[in-house]
Amino acid sequence: MIVNSSRGGGSKDTWVLAPVRTPDAGPTQSQSQSQAPEAVVDDIEDPLDDSYDEYDDPREDRVEPVEAEPEPVTSAIPLIDIDDVADETGAPADTAEEARDDAQ
Amino acid sequence: MFAPDGSVHPTYQALHDALAGLGLEEFRARSESLARSYLDQGITFDYAGEERPFPIDAIPRVIAAEEWTRVSAGVTQRVRALERFLDDLYQDQQAITDGVIPAELVTSSTYVVDAMRGYTPPNGVRIHISGIDLVRDGAGDFRVLEDNVRTPSGVSYVLSNRRAMAQGFPELFAARPVRRVGEYPGRLLAALQAAAPDTAGEEATVVVLTPGRFNSAYFEHSLLARTMGVDLVEASDLVERGERIYMRTTAGLRRVDVIYKRTDDEFLDPEVFRPDSMLGVPGLVRSILAGNVVVANAIGNGIGDDKLTYTYVPDLIRYYLAEEPILPNVDTWRLEEPESLEEVLDRLDELVVKPVDGSGGKGIVIGPAASLEELGVLRERLQADPRGWIAQPVVQLSTVPTLVEEGPEPRHVDLRPFALNSGDDVWVLPGGLTRVARCPAAR
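The listed protein sequences derive, respectively, from chains B and Z.
Heads up, this note's numbering is the position in the first sequence plus 4, with the first residue counted as 1.
Heads up, this note's numbering is the position in the second sequence plus 371, with the first residue counted as 1.
FYI, nobody ran anything at the bench for these hints, they're computed from the structure.
Each hint should be verified, as a subset may be incorrect.
Stated by the list, open to error - Here are a few chain Z residues that face chain B, going by a calculated C-beta distance under 8 Å:
(1) V379
(2) R657
(3) L660
(4) A661
(5) G662
(6) N663
(7) G803
As the list claims (entries may be wrong) - Taking CB as the label site, the calculated pair distances span:
(8) Q412(Z) <-> I48(B): 20 to 30 Å
(9) D46(B) <-> V775(Z): 48 to 58 Å
(10) G511(Z) <-> D46(B): 26 to 36 Å
(11) D46(B) <-> A389(Z): 41 to 51 Å
(12) I48(B) <-> R399(Z): 22 to 32 Å
(13) I48(B) <-> Q754(Z): 30 to 40 Å
(14) D46(B) <-> Q754(Z): 28 to 38 Å
(15) D46(B) <-> C810(Z): 36 to 46 Å
(16) D795(Z) <-> D46(B): 18 to 28 Å
(17) I48(B) <-> S593(Z): 23 to 33 Å
(18) I48(B) <-> P381(Z): 17 to 27 Å
(19) I48(B) <-> P811(Z): 16 to 26 Å
(20) I48(B) <-> G747(Z): 48 to 58 Å
(21) I48(B) <-> C810(Z): 49 to 59 Å
Said to hold, decoys possible - Derived contacts from chain Z toward chain B, CB cut-off under 7 Å, selection only:
(22) R399
(23) R401
(24) A436
(25) Y528
(26) N532
(27) V549
(28) R551
(29) P699
(30) L712
(31) R718
(32) L719
(33) G802
(34) R809
Think of the CB as a built atom: it goes at the ideal place given N, C-alpha and C, for glycine as much as any other residue.
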């Protein structure tokens, strides 16, 4: 008996019926009894309930902590003070910026 | 759905009435809409390396509450026994000393990972997630077909099927109260966080480790990560530093406490397993053994999936739990026993023969459907490596009405319930994956 897709099968939704209590019958009854059933568990499927959505991302409500240690990999790259960076002319960045402002 | 006399089974009565009220034309139209949405979403299954659609059949399979109580208890019992077995196997091997299982079962298995000997997970759990495959036999009783305690897949189809049915056929749910399956991701996250090492903070960082988007179960990996609200990572996203595992993020390295791995053991750590693996994290096993990270399910669980081990599980239940098995096995021949091998070779054309390390139906030979040539090849393989195979009778499985071109027709089904072990208790998802055969059932 091969039922999986490797031989061309598919799948079905599997319904586990909730145990129910009927008004005049006392404790849990067989699923065959169908008058005014009252489920005795609280995990009942509600097709109108949209609280479970596979495209919701629970992380949107969460603040993720980031560890300080160890140092990030990027720390291997020496940090450069932007003020020390020369532009193409070889002048320090702030000087080059002033030069551009003057030109305008 | 129907009793042998043609009457509707009481469990299905309410559903049957609701479907009858819908009418075949309307039902078929909505079913086709469901099928299209599955294709659009890319819900597929692996077929010998090729992605194929994994269609949903819109007639649900219904299980009564009383029967589920037994299934759930049986699955829980099995998981508890396998947990004890794995713990014993990687510690004292008392079951071997006491003669419950032969030493050769362990020494001949390719699944035992020597590097994990002596290791005890922080909360003692090795089988965080399990999928125990069940079938109904000719008498209508559930039997265990195989255990999956490495990386059982399929729960994403359970969640997607329910979502699709709730949207496509909401009125059917009014017929009888059906138990929810949508809490699975929350339960899974809780079980994984409960497994975290003591060094983890108040809220342990959990990730899902996937081999990547070309893996046949990538849809499931991404869905579970998304619904749990955790990161989906590949091996290249993780790095070991000082026997701790970190995840590379845009804000720097972030420590990882629990890895839900969806990669086979042999690829997980090139320092211990295949050195050419690009899917693993060098230093992962060292970090596990140092107690700084937990991998779920535990590395080395494969011996629990070994189909030869399966034949001993009823004995393991009696030995570790002092209980009688609630769910029996399918009758199975151990081919390493000479008399069994001889009998199976005589009856090869009427039995199902399976490799002990196979999964997903790979390598199975169904005697009645095999050609003489195939049986000849199989015979040679069994004689060359009897430890590598088991044999079972062809089980006459139960059927459930399934919509085919001609209308609803009976098709064989099996069932994979999923269980989560948090350490405090084993919770069985009230649902499970029902797989349905395409070919007509024998009548």
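Taking the hints in turn, this is what the structure says about them:
1. V379: Violated - the Cβ of V379(Z) stays beyond 8 Å from chain B, reaching only about 10 Å at its closest.
2. R657: Because about 16 Å separates R657(Z) from the closest Cβ in chain B, which is outside the 8 Å limit, the hint is violated.
3. L660: violated (20 Å)
4. A661: Violated. Min distance 16 Å.
5. G662: At 18 Å from the nearest chain B Cβ, G662(Z) fails the 8 Å test, so the hint is violated.
6. N663: Since the shortest Cβ distance to chain B is 13 Å, the answer is violated.
7. G803: Check passed: Cβ of G803(Z) comes within 5 Å of chain B, closer than 8 Å.
8. Q412(Z) <-> I48(B): 20 to 30 Å: Holds: the Cβ-Cβ distance is about 26 Å, inside 20 to 30 Å.
9. D46(B) <-> V775(Z): 48 to 58 Å: Given range 48 to 58 Å: violated, Cβ gap about 37 Å.
10. G511(Z) <-> D46(B): 26 to 36 Å: holds (30 Å)
11. D46(B) <-> A389(Z): 41 to 51 Å: The hint (41 to 51 Å, Cβ to Cβ) is violated, given that D46(B) and A389(Z) are roughly 23 Å apart.
12. I48(B) <-> R399(Z): 22 to 32 Å: Holds, since I48(B) and R399(Z) (Cβ atoms, about 28 Å apart) stay within the stated range.
13. I48(B) <-> Q754(Z): 30 to 40 Å: Violated, since I48(B) and Q754(Z) (Cβ atoms, about 55 Å apart) do not stay within the stated range.
14. D46(B) <-> Q754(Z): 28 to 38 Å: Since D46(B) and Q754(Z) have Cβ atoms about 57 Å apart, the given range 28 to 38 Å is violated.
15. D46(B) <-> C810(Z): 36 to 46 Å: With Cβ atoms ~40 Å apart, the hint holds.
16. D795(Z) <-> D46(B): 18 to 28 Å: holds (20 Å)
17. I48(B) <-> S593(Z): 23 to 33 Å: Once the Cβ atoms are compared, 28 Å apart, the range 23 to 33 Å for S593(Z) and I48(B) holds.
18. I48(B) <-> P381(Z): 17 to 27 Å: Since the Cβ atoms of I48(B) and P381(Z) sit about 20 Å apart, the hinted range of 17 to 27 Å holds.
19. I48(B) <-> P811(Z): 16 to 26 Å: violated (35 Å)
20. I48(B) <-> G747(Z): 48 to 58 Å: holds (55 Å)
21. I48(B) <-> C810(Z): 49 to 59 Å: violated (35 Å)
22. R399: violated (15 Å)
23. R401: At about 13 Å, which exceeds the 7 Å cut-off, the nearest Cβ of chain B leaves the hint on R401(Z) violated.
24. A436: holds (4 Å)
25. Y528: Nearest chain B Cβ about 5 Å off; hint holds.
26. N532: With Cβ-Cβ at 4 Å, under 7 Å, it holds.
27. V549: Holds, about 5 Å.
28. R551: Given a least distance of 4 Å, the restraint on R551(Z) holds.
29. P699: Result: violated, 17 Å to nearest chain B Cβ.
30. L712: violated (23 Å)
31. R718: violated (17 Å)
32. L719: Because about 17 Å separates L719(Z) from the closest Cβ in chain B, which is outside the 7 Å limit, the hint is violated.
33. G802: holds (5 Å)
34. R809: holds (4 Å)
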